[in-house]
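Protein chains: 2
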Amino acid sequence: MAAPSALQPVFAHLKAQAENYRKELFDLLTIASISAKPQHAPDVRKAAEWTRDRVQAAGLKAELVETKGHPAVIAEGPQKSGRPTLLLYGHFDVQPEGELNLWTSGPFVPQVRDGAVVARGSADDKGQMLCGLFAAEAWCKAGGGLPINFKCLLEGEEEVGSPNLTPLVKEHAKRLACDYILIHDTAKYSADQPAITTATKGLVYMEIILNGPGKDLHSGSFGGQIANPATELARLLATFHDEKGRITIPGFYDDVAPLSAAEKARMAKLPADDAEFLKEVGSPAIWGEAGFSTVERRWARPTFEVNGIYGGYMGPGSSTIVPSRAGAKVSMRLVANQKAEFIERAFEETVRQRCPRTVRLEVKSHARCDPYMANLESAGIRASLEAVQMGFGKTPVLIREGGSLPILPMFKQVLGADSLMLGYCLPSCNAHSPNEFFHLSDFEAGMRSTAALIGLLATV
Amino acid sequence: MAAPSALQPVFAHLKAQAENYRKELFDLLTIASISAKPQHAPDVRKAAEWTRDRVQAAGLKAELVETKGHPAVIAEGPQKSGRPTLLLYGHFDVQPEGELNLWTSGPFVPQVRDGAVVARGSADDKGQMLCGLFAAEAWCKAGGGLPINFKCLLEGEEEVGSPNLTPLVKEHAKRLACDYILIHDTAKYSADQPAITTATKGLVYMEIILNGPGKDLHSGSFGGQIANPATELARLLATFHDEKGRITIPGFYDDVAPLSAAEKARMAKLPADDAEFLKEVGSPAIWGEAGFSTVERRWARPTFEVNGIYGGYMGPGSSTIVPSRAGAKVSMRLVANQKAEFIERAFEETVRQRCPRTVRLEVKSHARCDPYMANLESAGIRASLEAVQMGFGKTPVLIREGGSLPILPMFKQVLGADSLMLGYCLPSCNAHSPNEFFHLSDFEAGMRSTAALIGLLATV
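Residue numbers (the working numbering), protein chains in the order written: chain F, 1 to 460; chain G, 461 to 920.
FYI, nobody ran anything at the bench for these hints, they're computed from the structure.
To give an idea of the interface, some chain G residues facing chain F are shown, with a C-beta separation under 10 Å as derived from the structure: (1) Leu677; (2) Gly680; (3) Phe682; (4) Gly684; (5) Glu692; (6) Arg695; (7) Leu697; (8) Thr699; (9) Leu738; (10) Ala745; (11) Thr754; (12) Ser784; (13) Gly787; (14) Ala788; (15) Arg793.
Where is the CB? At the ideal position from N, CA and C, for every residue including glycine.
Start from the sequences, fold in the hints, and give me the full structure.
Here is the structure:
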């Protein structure tokens, strides 16, 4: 553990610079770096240049790296041999603004309201990315230099699925080599409960299409004589859960890492209320795999969802047809140590086996990504727990994430490094919605946490 | 049976007038009386006036009767007390033309090709309606007058579901009183096999909607914790057929009239080939209720079809959501003596019972109509068999229809009369498609058949 004494001037610097850092955050937030909209490509580049310059000013060697899409920024601090290496990953691109009339102020005109800066990207991820950068700067300017090897990989395509990140990381694998990737793109557990995220789910996203007659047919003249693709689709989809809500694909659970007693106990202790949860989502009842709590189902159990279903006449009123085809988009979320490739194959084999021969089956694969789980016993996780405690003044909880982050297993595979996910914003920060916000107190506690992490890692 | 001698001058008249009748059919076919398109309302009226005038000229007293929509024509011949009464039902409105570039000639520019007149309405129903009218005229002009009471009810709203027919028939019930309704709006069994249609199916058309969360949710953050409406919809729909293809709604089959041995034998004798049928519809295999042939399933067994299914993300690619709702349009075709009202109630009760409480269920009713079956032993059916034999020179077969015709149970209920369905066009006449056609030889054989029926009914 870093002596708190070494941290004191770093924390003091952060406190002294709070006003300036806030202004600089506002600066970056005025750039409408929406990666999804081609007309905003110059803005994404502008944000990349702003970031490169700011990283350089902080005391690192920064470079703007071109990709097939929007550029990225790669940077390195001075080499500290014998010390661990931390790679800060973040992104300076943002989601589209969405419905403008739902914003209470311009999405790219940052405003402070109720102690939070409101703007697109304030939390996701400009504000949180800057927590990492300003923490590093504090060490450079006030801590006698960075006590570890510190690198940055900041991209401009996260909100469009990071299509060029894997080749970029592969190409610069040596330069990006590290012990841990530091990611500030997650969230706290709740307003007063900081958290460290330790796992994300994998994803297998498929589409099945059942083809029957060559065209829609009159249901009076042809009904009951040939298989109805919509009926067969329903019968097929109905087989994927048993009465206990378990997924019936053979071998599906074979590789699932069971919850450790310790993690089970930690999840049970989290403030979570099914009635509150139902009120929030609007469903009439809880549903899920028997034998697990809602939190366990969300974080630690694989799921199977129908994301969309279609076929035949879907307009208003009625049309008496036997549909020529019907289809469904289905996806499975995976947990450690399931393999997306195996699950995709198992799903397809099961569908092909169960689909009746009275229709013709098409199977399409849309997306595939492995789950990720950090080693909870690593020095990095131990240091993260302590660092967030120092930054927020409250012991963080270890949580997981129900969503998928393909970059985590990619980092693990290409760089061999685990990710430390320290999220500082609220889970309800409207990350992809109007009125995205980031509390300034969290911005500051976040900078302190990352600064503490840098110091703590220097001593492991 | 009418002495063939009495028919001879009538048949001779039809033969002599063949060229003129064809020209008059062409005349009516040039009127674009599309009832579905408001801008064609004047054309529907023009067709009504043409029809009224032509009925009048044939020797009947004809009147144009206004409705809340397009006008109808009601007509009566001279009263023949002690003789049966035949009410010719037909319609002078037509389907929209559909895709114009698929027509080989203008839909309202009748042309003769391969012995058939090609035009919208040639078969459905202008050409067939005129078979009835010209047959009656032949009796008036050449047969010494109509030998029975002959009436007409010709409407202009059949192709939009006859929304004003029931009130019209109720209002004019006395004037329309009859022993049989004569309908030329069906088809032969095949090109060389004339037919008489004796039954139509009933219909119950419903929509069920399963509501889950208040909005679409992230499938990673919320999947596996609340019921997925699309999954539950699939599980629900999967329960409506058992392994033998039988419908599982309690009481569903209670009122089904079993097929008589005679009818079963007649159906078995019909030229019907499953392999040909599959080639025509493009499905890979036959499917249906165990223990029945394809023809029996089509005509004599009730069915349950999913006409449409929808929910969640239905666009290209993928979207990782738990849908907030999912729905299906389902319809049941009923046979004698099922009651649509009972089946609708039984369906709704079953759905409510089977739908899990983890979603909120909505049930909507879109359409309801009873099945219809003629008394196969009636004098009218016997006369029809003989009449078509005379007109076509080939013994007709008794067939049923898989579709629904709400007007038949309505006529039965309001007028107490059975319908005689003598269809003269081909089943493949493109009735609602481009290049609708009606063979001129069938037009002429049809006129002879109806003329013979009029003569035969005079003697029962």
